[in-house]
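Respectively, the protein sequence lines represent chains A and B.
Okay, so the first sequence: first residue is 1 according to UniProt numbering, each after it adds one.
Okay, so the second sequence: first residue is 1 according to UniProt numbering, each after it adds one.
Calculated from the structure, these hints are not laboratory results.
It is possible that part of the hints are untrue.
Once the Cα atoms are required to be at most 30 angstroms apart in a straight line, the calculated BS3-like pairs of lysine-lysine come out as [to be verified]:
1) Lys267/B to Lys129/A
2) Lys111/A to Lys74/A
3) Lys73/A to Lys124/A
4) Lys56/A to Lys231/A
5) Lys129/A to Lys279/B
6) Lys129/A to Lys281/B
7) Lys74/A to Lys199/A
8) Lys89/B to Lys212/A
9) Lys155/A to Lys113/A
10) Lys56/A to Lys89/B
What follows is each chain in one-letter form.
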Amino acid sequence: MTYAMSVQNLFVSYHGNEALRNINFNIEKGNLVGIIGPNGAGKSTLLKSLLELIPKDQGTVVVFGKSINEMRKKIAYVPQRSDMDWTFPISVIDTVLLGTYPSLGVFRRPKKKHREWSYHCLEKVGMEKFSQRQIGELSGGQQQRVFLARALAQKADLFCLDEPFVGIDITSEETIVRILKELRDEGKSVFVVHHDLSKANTYFDELILLNKELIDVGPVSEVFRPEIMMKAYESQLTFMKQNEVTV
Amino acid sequence: MEFIHALLEYTFLQKALLTSVMVGIICGVIGCFIILRGMALMGDAISHAVLPGVAISYMLGINFFFGAVLTGVLTAVGIGYVSQNSRIKNDAAIGIIFTAFFAIGIILISLVKSSTDLYHILFGNVLAVRTSDMWITLVIGIIILAAVYFFYKELLVSSFDPTMSAAYGLPNRLIHYFLMTLLTMVTVASLQTVGVILVVAMLITPAATAYLLTNRLSVMIFMSAAFGAISAIFGLFLSLIYNVASGAAIVLVSAFLFTLAFLFSPKQGVLFRTIRARKVKSALRDKSYS
Ligand SMILES: Nc1ncnc2c1ncn2[C@@H]1O[C@H](COP(=O)(O)OP(=O)(O)OP(=O)(O)O)[C@@H](O)[C@H]1O
Ligand SMILES: [Mg+2]
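Given these sequences and hints, build the entire structure.
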């Protein structure tokens with residue numbers, strides 16, 4: 001059995017400060033996976049180190065039975081919205097077109113068929129009316145949908161999204177969730193860093209619960225239980241309690 | 001009119017014009033990537049850091065191009081190394097390293113050359129462009145334009161979304177140093193036209209002007225190149241008529257173009273923004289009274 005993602009003994013630190021300690025998990029193909037945990041738990045760090053965007057201290061990551069470097073072009077990454085430069089002179093359609101770059105290689109340029117495909121992906125997320133807008137001239141939810149369209153344009157097998165639902169409208173959120181579920185039903189694997197616990201049980205099939213260490217991993221029905229969630233959010237809860245006492 | 005006559009008559013003027021226009025174009029093109037990547041300071045640094053390279057080339061009796069490219073690239077690497085391996089932030093690292101290189105350059109030049117030479121390197125002396133310099137500028141220009149043409153996709157995606165480009169396997173760091181090398185070459189080509197001190201203006205101002213006028217990178221590059229060329233032509237013209245330093249005149253023309261765009265750009269300009277804001281406000285007022 002080849003897993004979509006298999007992680008062993010993963011350790012990551014920033015300048016000597018440990019961010020992730022001994023992470024181990026296997027996730028099967030065709031799952032919609034939520035990576036959840038409190039602020040600073042290392043969710044973004046996990047996603048980035050899985051894709052080897054930041055160096056890891058130790059550990060192995062295997063994707064569909066291969067190394068990341070062999071699979072890169074088949075992995076779509078949607079960054080946290082706060083990481084983007086929204087004043088960049090690029091239109092919505094050209095942003096989506098970037099999704100076709102990995103398959104093009106260095107010297108080939110996108111052709112008409114790539115543009116048509118990008119437009120089609122834009123239609124899937126309901127953003128075709130905005131194709132000529134500069135990306136900064138959109139709402140947060142619309143921006144997120146455009147980046148999802150870019151990921152779709154890449155025809156990836158593995159999708160990684162960092163906090164796609166932060167600060168966006170409910171329509172956009174529903175559209176994105178619907179598309180992610182469609183991708184899952186087509187057999188793609190989707191990893192989503194997620195903050196809001198209230199929807200975690202309806203959105204995801206599997207959960208990776210994180211707080212520097214792996215607290216738990218497994219089907220939502222097993223992980224999404226108060227006594228387990230407590231373990232990850234404990235420090236925040238005690239912090240809140242202490243604050244209540246002092247206030 | 002006289003300018004055109006003079007242009008037809010004197011080959012040194014033709015060389016000056018051709019060189020300046022080429023410099024205007026390539027500064028405009030590379031400048032787009034410099035400002036979009038937030039590297040304006042880096043442009044300033046590299047342009048100063050070529051000075052010791054020029055001096056060393058002079059000592060060795062080789063064309064200044066080679067030494068300048070060497071110290072320019074060394075500076076870029078040094079800045080990257082210091083900011084990645086200490087808590088010193090990038091802008092501070094830039095400040096430390098380029099001033100050190102610049103200081104070495106000043107000392108070396110004052111050792112081997114007269115102060116007029118130093119003056120010309122710092123502020124440009126376009127009328128002294130030799131045929132060989134013109135050819136070097138043209139060759140550099142062609143290399144730059146070809147590089148941007150062939151690697152347009154990679155430059156675009158790594159400037160806009162470096163995380164995505166890294167995720168799909170582009171070597172971001174290599175692209176950075178590649179761009180730094182192009183930047184150094186542009187600076188070297190600009191030495192005689194605008195001089196070390198003002199190169200940064202030619203890198204930033206035309207690109208920033210174009211940035212105010214368009215929302216597409218490809219259009220921005222063409223506009224920026226055009227603004228660079230226009231500044232070069234008019235600047236040279238003004239410098240001849242009023243007998244002022246060519247570099248300063250060229251930079252002032254480009255600053256003038258920027259001011260126009262800043263005030264009158266249809267989308268980003270101060271004027272139309274104010275008008276639009278007024279309209280919205282008065283429409284609101286009309287509504288609430290009716
Ligand atoms: N570039 C960095 N340099 C140094 N430390 C970092 C860096 N990025 C993250 N960290 C630290 O690593 C830890 C994990 O950060 P990370 O961004 O992965 O958390 P997160 O779970 O994504 O948080 P959030 O929910 O706020 O996005 C935090 O303690 C953070 O301070
Ligand atoms: Mg995060």
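We went through each hint and held it up to the structure:
no. : hint                 : result
1   : Lys267/B to Lys129/A : holds, 20 angstroms
2   : Lys111/A to Lys74/A  : holds, 20 angstroms
3   : Lys73/A to Lys124/A  : holds, 21 angstroms
4   : Lys56/A to Lys231/A  : holds, 25 angstroms
5   : Lys129/A to Lys279/B : holds, 26 angstroms
6   : Lys129/A to Lys281/B : holds, 27 angstroms
7   : Lys74/A to Lys199/A  : holds, 28 angstroms
8   : Lys89/B to Lys212/A  : holds, 27 angstroms
9   : Lys155/A to Lys113/A : holds, 14 angstroms
10  : Lys56/A to Lys89/B   : holds, 23 angstroms
The structure shown violates none of the earlier numbered hints.
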